[in-house]
Amino acid sequence: MNAGLPVFLSISDIAESTGFGEQMRRFWTMSDPAVRTAVAGTILLGLTCGMLGCFVVLRRMSLLGDSLGHAVLPGVCAGFLVTQTKHIGWIFTGAVLSALLAAGVISLIHGRTRLKADAAMGLVLSGFYGLGVVMLTRLQRLPLGNQSGLNRFLFGQASAISAQELAIMAALAGLVFIVVLLTYKELAATCFDLEFATASGIPTRAIHYLLMLLVAIAIVISIQAVGIVLLSAMLIIPAATAHLLTDRLKVMIVLSMVFGAVSGVAGANLSFLKSSLPTGPFIVAVLLLFFVLAFLFSPRYGLFTRLYGRRVQRRQSLADRIIKALAESRSGTELTAADLAATLQVSQTEATAAINMLRHDELIEVAGTGFRLTPGGVEYADALRRNERLWKAFLEREGELAGQLFDPDTDDIERVLGAEMIRELEGGT
Amino acid sequence: MIPQGEQGSADEGRPNLPDSSLGADRPLPLSVRSLTVSYDRKAVLWNVDLDVFAGRIVGVVGPNGAGKTTLIKAIMGLLPLQSGTILINGKPLKKQPGAIGYVPQRESVDWDFPVTVHDVVMMGTYGTLGLFRRPGRKQREICRRSLDQVHMSSYAHRQISNLSGGQQQRVFLARALAQEADLYLMDEPFAGVDAATEAAIIELLRTQRDTGRTILVIHHDLQSVADYFDDVLLLNRHVVAYGPVGDVFTVENLRTTYGGKLAVLPEHANGET
Ligand SMILES: Nc1ncnc2c1ncn2[C@@H]1O[C@H](COP(=O)(O)OP(=O)(O)OP(=O)(O)O)[C@@H](O)[C@H]1O
Ligand SMILES: [Mg+2]
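First to last, the protein sequences are chains A and B.
Under our numbering, the very last position in the first sequence is 429; numbers go up by exactly one each time.
Under our numbering, the very last position in the second sequence is 273; numbers go up by exactly one each time.
Simulated from the structure, these hints should not be mistaken for laboratory data.
Here a beta-carbon is modelled for each residue, glycine too, at the ideal position from N, C-alpha and C.
Any given hint could be a false lead.
Computed, partial: chain A to chain B, Cβ under 8 Å [what the hints assert, rightly or not]:
1) T113
2) F196
3) R248
Chain B with its partners taken away, still in its complex shape (with noise of 0.2 Å):
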């Protein structure tokens, strides 16, 4: 099969559909055009274009500093745009606060801060609750139950410094499953985790993916690639490849992502070795 390499008119970057009858007139979850991020006067994500659609989980692959990060956090508005534009849905999301679902990394937060696994969970409720509204029992029924996909509940009260680095991801995604969003950006939520909670997270995504969200997911292990996602995103400041997995997600567009370092190739990966 022909590799995509740079996508040229935003139509031939798309991926195939599988069934193209999810409403075709429906804006798209996530639609970026000719976005440009730079620190300082550098360049780090340049020129680059991404429809996501509805219903599907899209894995986000490139090495350390290609700028995935920064493109999701581009995404949700907490960087300022060189030059580009972002619709979520159609819309800017300065129209629609709290439209994006976020997992942030780890150790993005100072865990010794004094509230609770619920407190936490709680905080998902608040962007769409409003300026000075109190959460209420709708709010707790929410954040029950978020605890309870992500299996926490019996941790809800404990302070979250007591918790295991794959409980404290799990609390991360229980407050983003609060904010009840339609796409959700995440970003390597399977660091530091182990097989069995990866296994129960990807498990919960698909669930989630299934009732018609859309998740992105910034992640390192090439060997999972394939069975974890729907579509690819191979970035390196910018896309190098995006598509459905079984398109994209090629040796040589691997070594083109990865600039021929890589030395372990995954064994899914399609392509002559």
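For reference, chain A alone in the conformation it holds in the complex (with noise of 0.2 Å):
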């Protein structure tokens, strides 16, 4: 990679003098309108980005994110060059068109060539990097090239958005978000399905190129706060996390637009309180740290939760087999954990700790050397045996009660069937 950190400009000049309570004051009173700016300009792109994102890695397109935001250098180099200046306008327009026409190029290698997709993103990420980062050493020769203020692009600088450029950002993430509005049926359908869609009559192609657009919009509304390099992984971290956390499509979303916003201010702050620190690197860690939590502790897929969920549930069900065991002994002698362990061909560790819950919740107790149950625990077993009896006689009967449904791991098997259901099958049996 190339040339040092980006140029930096106001406010984190200011940054090296002063202390780090003082920079963390002076962020979030918002007191300095270039604060201002930089934290709208970063909710902005969060939004938008964390909005797209979900289509993104939901078409499995993540990939062609990456390229995409890769493949805006040149553009943004060539729109400098038009003007000689750092005019906005004409690096905005350079970006989407640099990026539009590597979204072209992907579909005709692709379409056109035996070469798979992932080659063709990948030959196109590198290609027009490439030519971007030779541009980009090029401009730095020119006199102007210093004071451009370019390398930014590369790393992002949240700080460097004005005011006039905050009003275009503004302007294309309304666009954004209205276009999603009324095409979201289209969208989540091509998604989900693109045979399916296609065939019931929903014009996919268009509707694929106008992802396209909008993820080059999104990343032109991103690229001066967080950089070309890490602009992919404000479109694909996002819409990753909230997938984990979530089995709907527009909660999802929700979800994904505020961990870019979040992020996106958090990236904003860090770089803040330190000069020559770029933002997109923090923005990127804020976001990993998201993704990580999500990934660990996630109700339904984290790792952690999982884990945990599955040791509870086999305590659970040894609990279950001891009181069984205990009530099926009950007029012999009382069993040891030793015996519980022996016959339920378990550990005798794992014996003790459900033994020790059992008679946490009192429904066994010590007797001599061994365990017996308390009444409490009698009834706890009648209610097992009974139970057990109940989804026999039902499983048995499911022909003719097939129109009943339901999952006996998760659900109570009174509340699904109703009293009357057991009432019969109870006088059935």
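Now that you have both chains on their own, put them together as the hints suggest.
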């Protein structure tokens, strides 16, 4: 990669001279208009990328986001060359055009040669980005090159967003938002099942190109603050995080937008604390933090949550089996922990853990060297037996009760079948 | 009886309708003329002619790689044609988007997609609803009815990955029903489905047929062909035979279709063993 970190402007210079607390205060009171612009800008781009990212990720086009993100560099440089100044209108135009050109080239290579999509995207990503870096190095040798601040397009600098640029960003973000609202149902249907959507008469090709265009716009909005190198993270990570947390597309979109906006602001804040720190890497760091948390602790799909849930479930079902074993041997001698572990074929530690749980719930008690059921435990054992009998009777008769739907793992039999059905089943057995 | 070989003229290949009263002047739900489809340079389907009559359940049978999936994708306009024409109700499909209902193979989608059963079935109504319009009460009603028909109403708000294979298949059927099309194309709807569900599905298809709908079903189990279908299309890269099950589903035709590799012949196939 190239020549040093971005050149920094106004705010960052001040940042160096003052302390951490002072900078925090300056950021969060937002008395400085530059801070307000930076915050508004990162919120806008976070919302836009978060929303579009969901469709990109669900359509399995993540790599496309990455390719288009890198492919804007030559356009940015060309936009600068045209005007010889940092005129944002031209730079934005150049970026959109070069992203769309890249999208076109990818479709062309993928459609007309035997190369697969990933190869086409890899080619375009490295090709366009390489060309962009060459142009950038040339530009820096020009007299205006250095003061152009073009470098910050690589890693992003939220504080460099001007009021005029913010207005353009807001207009573009608003446009994206409206278009997505209007075509939500087509976007969702196309992402879920492309062939079915096409067959049922949805203009999926047009929707595909529309999505590309929207992604190009989102990328352009983000270049200033996030930078080209890490752009795709802004599209992919919020959506991926949200996908781990919910089973509803609309909820996923909202969550993803929130993650995008929050990490945008947090990244802007962090980079504001010390000068010469670019914004993009900080935004991505915060995004990653969210992702790791979701990956580990998502209520349904988190790694820890699942492991923990399975352990609890295992212990519960072992406890039920212990109750049954004790109930069966009630007349005879008490069973020790070792006896129970042996009859149920589990390790002694597992058995002890379950026994402790049962003792805590006062379902079993110590008797001599072993354990026996408390009166509460006897009741519980009866309930277990009854439930088992009911499920069995129900499953045997499932043919004639086929209209009744249930899920033995999660449903409570009394609630599923209703009192009447249970009476009927008990009468029959 | 004489097995019908490859079709010469269009008339020869037509099955004899049991009651010819069914609108002779109405255009056919599906009419395919000299259709050739190729991937890369290799022709997968070659010179296929096919006339499907209204109110029939047509079984499409043939070995793996015979081009069955290719045929129905071509009919739906999902593949470029090398040659040939396809008319739906006498008109090209482009003029009447959404005229065909589709049940794809179950593996064709990502079941982890964040949608509920209800959302998926609702997507069946999107085609006719048109761009920019949101589904309303009418669409919800269609959706509810379709779910009822496949006995999946109680699962309406489940995420689709929490379903068994047979239930997923029924969701696809409900989505197709929500399309309210006259012609349905189904790609192996019985794959991985238990006997009870299979019976329920065929029953559903029959009630649909009795309301005048036409259904093309790709099917692999030769034992049940005679029982399930009115007409059968034996396909292996081209049309081996096509017509009413009783006429066409013969041992000899099956041998031609499967190239003599057929070890177990179905009990119900006509002709000497
Ligand atoms: N996208 C594709 N590109 C190239 N060749 C393909 C493609 N799809 C299918 N084919 C080839 O076309 C032929 C017919 O495939 P098709 O999927 O239509 O068969 P099928 O009759 O549905 O088989 P099956 O019973 O296994 O589902 C096969 O030889 C297959 O290899
Ligand atoms: Mg197939």
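Next item on the list: Could you check the structure against the hints above and give me the numbers of any it violates, in ascending order?
Entry: 1
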